[in-house]
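For this one, chain A is given, so just place chain B on it according to the hints.
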Amino acid sequence: MKTKQRLGKYWLYIPLVLMTIFYLLPLYIILITGFKSFAEIDLKTMWDLPRGIAFDNYIEAYAKLSPSLWNSFKMVIPAALISSMLGSINGYVLAKWKFRGADVIFPFILFGMFIPYQSILIPLVQFMNIVGITGLPGLALAHIIYGIPITTLTFRNYYASLPQELLEAAKIDGADMIGIYRYILLPISMPSFVVVLIWQFTSAWNDFLFAVVLTGNTDWPITVALNNMAGSQIISWNVQMAGSLLAALPTLLVYIFLGRYFLRGLLAGSLKG
Amino acid sequence: MQSLNPFLITQFKARQTMFRDKDRYLNILLISPSILAILIFVYAFIGWSVRVSLSKWKGLTADYTWNGIKNYLDLFADPRFQIDIRNTLIFTVVFVFGSISLGLILAVMLDQGLKGESFFRSLFLFPMAISYIVTGVVWRWLMNPATGSRTSGLNLLFSNIGLDFLVNKWHTTPVWGIAAIALAAIWQMSGYTMALYLAGLRAIPEELKEAARIDGASEVQIYRHIMLPLLSPVTLSALIILGHMSLKVFDLIVAVAGKQLPLDVPAIYMWQITFDGLFYGRGAAVGILLLISIAALIIPYIHHTLKTEAEQ
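Each protein sequence line maps, in turn, to chains A and B. Going by our numbering, the residue at position 138 of the first sequence is 138; the numbering climbs one at a time, nothing skipped. Going by our numbering, the residue at position 102 of the second sequence is 102; the numbering climbs one at a time, nothing skipped.
Just chain A, same shape as in the assembly (with noise of 0.2 Å):
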């Protein structure tokens, strides 16, 4: 009975096989392309397999994109850091140390991170070029601040998830909110701060929309650089498939080796977490 069952089932790796192909196509295409000689990189030929392996397609990426890069990791890493540690404050005092209005306040930080941000555009710009705030330092302020509503919302339903009798004995012991938070919440939250530091690396990184009106051509942050050369027309698109490896590398990593964290994040952004 129990074969049967599982007989019947294998016709199913049909449609999963061909869904793996369509999933894998695009990296196909950028992996074999990159790894071609600039004597074979010929449209003609561009689904079959290079006949060695090369290197051309990445120096040359790589020569064109590292300052963006580099402009990436420099404002990703502080945006990630500090949005996470006031995610994580916010989210202890809104789940543990609710004040009269918190169970206002919260939609309202909620609602930041659905607005479509053309409609702060505009402020936004004119309000970095007033204080002076401008370059990769705004563009990491912006990511800060927009991602407050996310990283709060994570911490708060971890925070809310434990139990209150961990506080109460706590408190009769003596410590204060911030003893409490300092030495028993913090050191259990590790699991949250990483799904919330994959996010916001993730998101800031891919981040276009910010980065393309709050920096200019010396800070653009990888994703401006690559869509500048993809839409150059000096630049042949084997060198974009390098460019794009390059540009997905980083968020692709931090996906294959911390793939759990990074769902449990993905799932947080649509209120179920």
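Careful, some of the hints might be misleading.
DSSO-like cross-link-like pairs, simulated, lysine-lysine; straight-line CA separation at most 27 Å [said to hold, decoys possible]:
| id | chain 1 | residue 1 | chain 2 | residue 2 |
| --- | --- | --- | --- | --- |
| 1 | A | K98 | B | K307 |
| 2 | B | K58 | B | K259 |
| 3 | A | K44 | B | K169 |
No lab work stands behind these hints: they were computed from the structure.
Just chain B now, kept in the frame of chain A:
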């Protein structure tokens, strides 16, 4: 606690209240920087945008001369904006329907306890980690519409393997070109709906399926009549999340096709008319219209989610 003398208890309570009072201000103090930031960067900026949208501002220097709702009226009269609305509608329908049905099918297939399930799951989800720009740059070459000896990309693949009937003009197809962009978006986002549905399927107790099997229901019937109705809250979430994403779609189109009128959407229109055309008043009006349409989806959703959470 009972052995403590009354004086000590009073002292203890006083100490506790003292903490509460101190902490009451402290909690507000701790959260206030974030609240202030959201207040300014979300709500004050929205107000500011509304004001710009009601002004005559055109050009590099700010001009807040009152213009009433003229920017909005001009917008609706603009043929370009009508193309935007049509494109958004086509994109939304193809993208939302495609991602939801593909995500559901993948989730149900992966829910069968097959070997290699986690491999397939990771594989279908990996595009989510990549930026729309990278996706767009790659799909731009996959969907290359060139013909004759310059045929390449998927069209070349199709004709190589004898599927010539699939060869098409992709995003350069008149009117429906935007659906090709939606295809790339489905590639990117269907793993996400799959993850939502898998989480939903896993939450359904096994006994329910077992009971139906004992009653003689077939696997198909179980999915059709038991699982699917139980998944409707997931479908609703997916509809709203994907729907609001399609209203915002921007980078993917820019990366595939640049700023081309046939593939224009409100987000690109806003960006271009404001930062290239310096027509701030009208750009702000587009932003506000986008905000209103998204708020109409999202506000009931947040309200509903938090209400359900509070009831639990």
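Hint check:
1. A:K98 / B:K307: At roughly 17 Å apart (the allowed maximum being 27 Å), B:K307 and A:K98 satisfy the hint.
2. B:K58 / B:K259: Measuring from Cα to Cα gives roughly 21 Å; hence the hint holds.
3. A:K44 / B:K169: holds, 17 Å
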